[in-house]
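Undergrad: Chains as they are written, first to last, in the numbering used here: chain A, 1 to 140; chain B, 141 to 296.
The set of hints was computed from the structure by calculation and includes no laboratory data. Hints are all accurate, no fakes.
Pairs of lysine-lysine residues, derived as BS3-like cross-links and limited to a Cα-Cα distance of at most 27 Å, are as follows:
| id | chain 1 | residue 1 | chain 2 | residue 2 |
| --- | --- | --- | --- | --- |
| 1 | B | Lys-247 | A | Lys-99 |
| 2 | B | Lys-158 | B | Lys-190 |
| 3 | B | Lys-272 | A | Lys-120 |
| 4 | B | Lys-267 | A | Lys-99 |
| 5 | B | Lys-272 | A | Lys-93 |
| 6 | A | Lys-93 | B | Lys-267 |
| 7 | A | Lys-105 | A | Lys-120 |
| 8 | A | Lys-29 | A | Lys-107 |
| 9 | A | Lys-109 | B | Lys-247 |
| 10 | B | Lys-267 | A | Lys-105 |
| 11 | B | Lys-247 | A | Lys-29 |
| 12 | B | Lys-267 | A | Lys-120 |
| 13 | B | Lys-247 | A | Lys-120 |
| 14 | B | Lys-267 | A | Lys-29 |
| 15 | B | Lys-189 | A | Lys-109 |
| 16 | A | Lys-25 | B | Lys-247 |
| 17 | A | Lys-93 | A | Lys-109 |
| 18 | B | Lys-247 | B | Lys-189 |
| 19 | B | Lys-189 | B | Lys-158 |
| 20 | A | Lys-25 | A | Lys-109 |
| 21 | B | Lys-228 | B | Lys-158 |
| 22 | A | Lys-107 | B | Lys-158 |
| 23 | A | Lys-109 | B | Lys-158 |
| 24 | A | Lys-105 | B | Lys-272 |
| 25 | A | Lys-45 | A | Lys-93 |
| 26 | A | Lys-32 | B | Lys-247 |
| 27 | A | Lys-32 | A | Lys-99 |
| 28 | A | Lys-20 | A | Lys-120 |
| 29 | A | Lys-107 | A | Lys-25 |
| 30 | B | Lys-272 | A | Lys-99 |
| 31 | A | Lys-25 | B | Lys-267 |
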Amino acid sequence: MAVNAFSDEWAVRFKDEVNKSSVYKAAAKGWKWTVGLVIEAEPDKNVPESVGVVMDLFDGEARDIHVGPASEAQSCQFVITAPYTRWKQVATKELDATKGMLQGKLKLKGDLPTIVRYTKASQELTECTTRVPVQWPDER
Amino acid sequence: MHDAGPGPMARRKVKTSKPVTYADAEPSAFASMLGGLIEANVESRPERKKDFDSLAARVGIWVTDIDEGVTLVFERGALLVHNGLEPKRDITIRAEADTVMNLSNLKIGLFGMPVYYDEVGRGVAWKLLQGKMRIEGLVGNLATLNTVTRIFSVAS
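With the rest of the complex left out, here is chain B (with noise of 0.2 Å):
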């Protein structure tokens, strides 16, 4: 008799419009929340819109102080997040929960470049300059931290 049990349907890549899927089935809460942060960032503005359909990138962050990270996959439209970091990432940002928060709130000035003159920027170079944020990778993929960084951003 012909077996109508989900199983194997469960575990067919379905195709979905959503910008952002999970690779785990229960998503981390850090998961869930950066995914959807992109996502209303993406669907809200335009600009970011632009900026997501154009990456191609791995980008792991890690939260120092709650060791806890997620991979996100860019792939040029859509978003793949994966709970903890997964290998072959071309950029990893290591931060404490404050400074990941921060990255969003990174002004977006001329020529798409993140403002790190303000306060909010001044205190994101300083975790940099004083090693409380690591990012890795970062030789060679300067323009997909841009990218990324616009993508979070929240500032208006």
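Bound conformation, chain A alone (with noise of 0.2 Å):
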């Protein structure tokens, strides 16, 4: 069943897609820090406010994903920051995230040898949110 994307809902229901895949617990061996996304504000595409997704990473586990203010986010080790259609973009694979990343389409805070080095891990976090069937907000 459909969760509303960026909801409490879909938080849990991607935390298990992460913890599931033994894909993301291999490539992310040694991964220790926390990150954040933020899904910043479209009020005409029904996000009025910006939100954060809060990510603590731990060696191939997710230990705790949930959803909070976009503060919350952007004080974790690593930010990734993003317009809404852009996330919608990516999660629905219209984006590639590291093309993304490179085309600044995603704007990311954090240590880059560290985020290049788990680059396999990072793709497929962005797998993982595929996973997920989301009802998102501009299309309700």
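Both chains come to you apart, so use the hints to assemble them.
TA: Written as structure tokens, this is what we have:
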């Protein structure tokens, strides 16, 4: 059953998908930093306020993923920021996250060598988001 | 009256201790990312710094699936990053975004040679064999390519 994108239910399903992924488990071995995703508001798309997704990822496991204020996501060690429409493109595989970062469509903050070392893990995290059926706010 | 405006000052070359600088007033996202990656790598790893300080070369990188590229001008301890491909390049690497990122994940083995026999290395070599990664100017510049690969490499 589809859940609302970037809702508490979505965060639970996303976390389950991450923890089910053997690819992520192997690729993220040694990862020990928090990751924040900032979904910037687009009022005309039914996203009136920016939202944060806070991920406590440790050694191939998602210990916690929750939705909160954008400011909480911004305080994570790695932060990826983009408007809502871009995130929707990533989650629907219209936009590859790696290409998006190289093009500046997704803005990354954090230690670059570390994130590059874990490219495969971040690609699999993106894959996990695509496995959660969602209802998008602009399609409601 | 003396004009204290910023005009001529803005064009003056300022000596800076930063190892990586940008030729364009607005570096592209790719230029910033690659420059940032090299800067962090060089500053945190003495063996990369040694390579960085010895390298003088003009290296182009073109990402084929986003139609963007950079030219990296290494000048023994300094790097100037240009948006796009500039003339007189010694080496030009053309590959998809994923492959460019994987170049940074190549491990460095014995005698400072990139490792092409592990999973990442085989993936890069396969792209080369398939023609999905092309390296122009390789003849005569193999040592330069290996040095650039080491400077890029974030693999431990």
